[in-house]
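Let chain P serve as the given structure and place chain E on it in line with the hints.
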Amino acid sequence: MATVIEKPEHVRLTEQGKPVTLLEAIREGMWEEMERDERVFVMGEDIGAYGGAFKMTEGFLDHFGPSRVVDTPISEIGFTGAAAGAAHMGMRPVVEMQFIDFISCAYDIITNYIATSRYRGSGGVPMVIRGPSGGGVRGGPFHSQNPEMAFFHTPGLKIVYPSTAYDAKGLIKAAIRDDDPVLFFEHKWLYRRPQLRETLPQEDFVVPLGKARTHREGKDLTIVTYAAMVHKSAEAAEVLQKEDGLAVEIIDLRTLLPLDEDAVIQSVKKTNRLLIVHEDTRTGGIAGEIAMRVNEKAWEWLDAPPLRVAAVDAPVPYSPPLEDYFLPQVEDVVKAARFLANY
Amino acid sequence: MANRTRARPTAAIPHGLSREQLLEMYRLVRLTRSLEEKLELLFKQSKVVGGLFRSLGQEGESVASAYALRRREDGTGDMLSPLIRNLGSMLTIGTRPVEVVRQYMAKGDSLARGKELNIHITDFDRGFIGQISPLGDLIPVMAGVALTFRQRGEDRVGMVYIGDGATSTGAFHEGVNFAAVQKLPLVIIVENNRWAYSTPTRLMTAARSFVDKAAGYGMPGEQVDGNDMLAVYAASKRAVDRARAGEGPTLLEFMTYRRKGHAQHDAQTYVDPAEIERWAATNDPIDRYVKTLLDNGWATAEELTAIGRDIDRELDEAVAEAEKSPLPAPEEALTDVYGDGPVNAPWTRYEPADPTRA
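Residue numbers (our numbering), protein chains in the order written: chain P, 40 to 382; chain E, 949 to 1306.
In isolation and in its complexed conformation, chain E is listed as follows:
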């Protein structure tokens, strides 16, 4: 087996990466897509509670950017805050598939304990902070995280994702400006996937490109082919290294394409199907990455197939485990509003009903 699958490199691996790291990135990007496909299946079986969001076509930049971070599990590593389409970043920084499935099933032992949905989840130790639906808010929040890294003299870095659409928000502007003025160790990633729900980028900005905004804030910016995983990794690593060296924030723009609708309910009637087809056929980040790995002899087809098999098994186990998890107890709705005890239950829930207990 080992002999048959040995890779024979015909070119040096760039960006200081090892072959093991290349394979790990492959595993993560494959895992992202397979997990989403699994979730879509569960959605069709009505096992997903509420909406489901796909990142089809954008998985590469999610994984490759987060891969540039220092990943730890003890609260000493870098931190990121994802968007709804950054499942790849989450899996890369350390979220486990079973946790994602529990989230989408609204289980009581999910990271958000059934109180918040999809990948809006947090684990400070593993380095991820859940976003919220009012977009842009996490830019100032992550600027504050980076501020504290500096206040404490820690060489840690923050990374925050924003879509082309939410660059129009006030929170984006105030957060980016704050980070720039304070020269904070923060990497701001604008994922330009051409669509904000149904709104094309030309209705989002009059700027030639989003990376042009970097200059306005007095910070360096770089536009990258978002479906070229190694290019994304290289640019992200440069930005992370700059931040770690105390040289301040960087704005990265990843050019990519959202091949699915905003969420499962969205039939994308506003998009020319040929456009989606073209991206799928000629510019899929995983296809391109696999070709790079194989063409350069950095991996063999057998290796990649074996990784895919492991992922399928891992995901079957994750789903089985998540299905066993209980839904939350209803009264849990009262807890964790404040740190000093639950809020009152409605008086009609007492037996007998008692208004003085409201």
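Chain P on its own, in the form it takes in the complex:
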């Protein structure tokens, strides 16, 4: 057995009562799960000695050793498939896509092999595929994507996309403990935002998959959203409160699949007006699915047609004026909410 290096300072923040960023929360969550359960191991590109492109797994190799912190060749099919094989044998692998944009390289093995395994009779595949996602960081077309909906249509997968440090830690732990494959999206614009720092409970906790959270209570209008757009929507809600006297309710989905339909329906029945906001592109975005569910289950409660604010149907552009135009902004949310309120 290799010498185990002691637990480093940067995963002791919560232990010491210090606030953590969203990135640090995920890191602590993974570390704690690896300590709790020896079946959990991490695998990906540059995650060992280098600690990952965003330093998520910094210090893991020294503490847990190369058998549980596996550096891989550039091979998203290779290591994602290998994780499935390890999961078949009872392990609980967590693989990192260096940028979530590269998850498409493994699209076949995720949708055809992993997602169907339980159904085909090869057993559940308890594994997590995680990675930095989202725009607003001038990453261009291949370091900014939100490909969650490319997988939303695949039965057998679960999809998680947190917006706060507390949820991120609780959800990564729940994802690792879940018996089905979970895609875990981490918005890189939120990773180190100082505004998101929070002091987390010292004791072990999980946030259950498939449960939305009311980010802000209100009676006039519901905004259903997730990830970075929770914070943009919250900014918009402040403006609407101050300038229009509107009380906006924000539902943070947290998990996209399975979708917490009840939380959405309940809120819509209260406010009678629905705006869906997502950073993902418009066509085929989750807004379409949510509006249809509301149509099926809360049609009579609506006082206005459900509307959406989403990114442009284009690749994510690089130059700041282009990307800012491409992404939904606070003003877009304000404008859409006003339109709905006055309908």
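Since the hints were made in silico from the structure, they are not lab data.
All C-beta atoms in this analysis are idealised placements derived from N, C-alpha and C, irrespective of residue type, glycine included.
Some hints could be false.
SDA-like, lysine to any residue: derived pairs with alpha carbons at most 25 Å apart [to be verified]:
#1 P:K57 / P:L346
#2 E:K1131 / P:G104
#3 P:K46 / E:R1100
#4 P:K250 / E:A1306
Which chain E residues face chain P? A few, computed with CB under 8 Å, are given here [stated by the list, open to error]:
#5 R1061
#6 P1082
#7 P1088
#8 G1092
#9 A1119
#10 T1304
Then chain E, alone, in the frame of chain P:
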């Protein structure tokens, strides 16, 4: 009876095999061919649901390669993942004929419970993991299985089959490379049967042979006459032993020939019939194996005939048993998508129809 059928060996049995093992391999290869013939009959009677795939001419390498594995039923043995034409490997590692027939009949108590077809079936305890139709995917998956054997310090080995055609996939490359870099206990078998559906190998690779690819990955490779069962066994055993000893993966190329079409619907119009005839007449793996057994006095014709009779009876029973099995209940379509409960039924299936239950 015993006296009349006693074999008189005129040569030592090679590769550390016993006479009993030679006969067991004969039983398995005979069982493979007979089961497929039985399935073809059932197919013609419309009792097989969907397509049927034959491995005619390749049964020998399937059986002999899997025979080199440590076969257990309690989840402690080696593991393999087959291709569509590796029924022989499946029967060797422990799949029962009745399970195969139930599969092809889409029965509710088949291993895949009617949700997936043919020999795409799994039993971790007996050591087989079902492949899926996007070819190549099982190479990285089996690399992961082998990775966990090593993580746990178990001396178990993985074996994965791939055809000449699917060596062209990205999954093949990434999986083989991963296994090589990690030095995993995995045996990768390229079955070169000259045809990928209708595409000949010359349109699949510009390499001189598939085994040449091994060097590119930094692993040993061996090309074997795939229709010589003892040669296949010997090469597979060497590769399995290397893997078990922690010396990493091996790529084996078995030279063989697909004598039937891709599946029953395929009339093989793209093949010269004389070529198939030549392989059937001069290079059939079972004919060659029988000749070896008899010429060396390792078995008698009577013994082999008796084994054939037992197999015929076993298969009749298997078919009768499988026919008794029920088809799955329709609502089973909703189960096993997730571990935490069935998915919703369509709202129109409720009485009265109710959209709020979608």
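Going down the list of hints, with the structure as the test:
no.: 1; hint: P:K57 / P:L346; verdict: 40 Å, violated
no.: 2; hint: E:K1131 / P:G104; verdict: 17 Å, holds
no.: 3; hint: P:K46 / E:R1100; verdict: 23 Å, holds
no.: 4; hint: P:K250 / E:A1306; verdict: 19 Å, holds
no.: 5; hint: R1061; verdict: 6 Å, holds
no.: 6; hint: P1082; verdict: 5 Å, holds
no.: 7; hint: P1088; verdict: 3 Å, holds
no.: 8; hint: G1092; verdict: 2 Å, holds
no.: 9; hint: A1119; verdict: 5 Å, holds
no.: 10; hint: T1304; verdict: 5 Å, holds
Taken one by one, the earlier hints fail for this structure only at number 1.
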